[in-house]
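Colleague: Take the position in the sequence shown, starting the count at 1, then add 65; the result is the number in the numbering used here.
In short, the hints are calculated from the structure, not lab data.
One or more of the hints may lead you astray.
As the list claims (entries may be wrong) - Each pair of labels, with its calculated beta carbon distance range:
#, residue 1, residue 2, range
1, S109, K129, 29 to 39 Å
2, E151, W102, 28 to 38 Å
3, I72, D142, 11 to 21 Å
4, Q88, A120, 25 to 35 Å
5, K130, P156, 15 to 25 Å
6, S77, K130, 28 to 38 Å
7, K129, D81, 29 to 39 Å
As the list claims (entries may be wrong) - In silico PhoX-like pairs for lysine-lysine, Cα to Cα no more than 25 Å straight-line:
#, residue 1, residue 2
8, K108, K71
9, K71, K131
10, K130, K71
Cβ coordinates follow ideal geometry from the N, Cα and C atoms, glycine included.
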Amino acid sequence: MVSESKIAAERSTLEDWAEQRSQPWIGGLEATLFSGWIYDTLKSYAVELKVAHPAMLKAIAASKKKNDRLDARTITDLLRCNLFPECYMAPG
């Protein structure tokens, strides 16, 4: 099952969202300045949580049409096809 939603980047909101998942889930996110705390917040809720290597993701997903919704769908497709360009996340 694939789910799509917009969530505020607040620790309590992310935790509430993660706790409401009725099935085990796998997630992916883009590496940004704020990815570390988001990753740390969601990691314990996910079966698997990955952060995309920024340079490799850009090369794979290079597109003239760029927005958050399309980026999220690209990340989902890459996860589903086992082509997600994962980067290492140091333990927090």
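Colleague: Checked against the structure, which of the hints given earlier come out wrong?
Modeller: Hints 2 and 5 not satisfied by this model.
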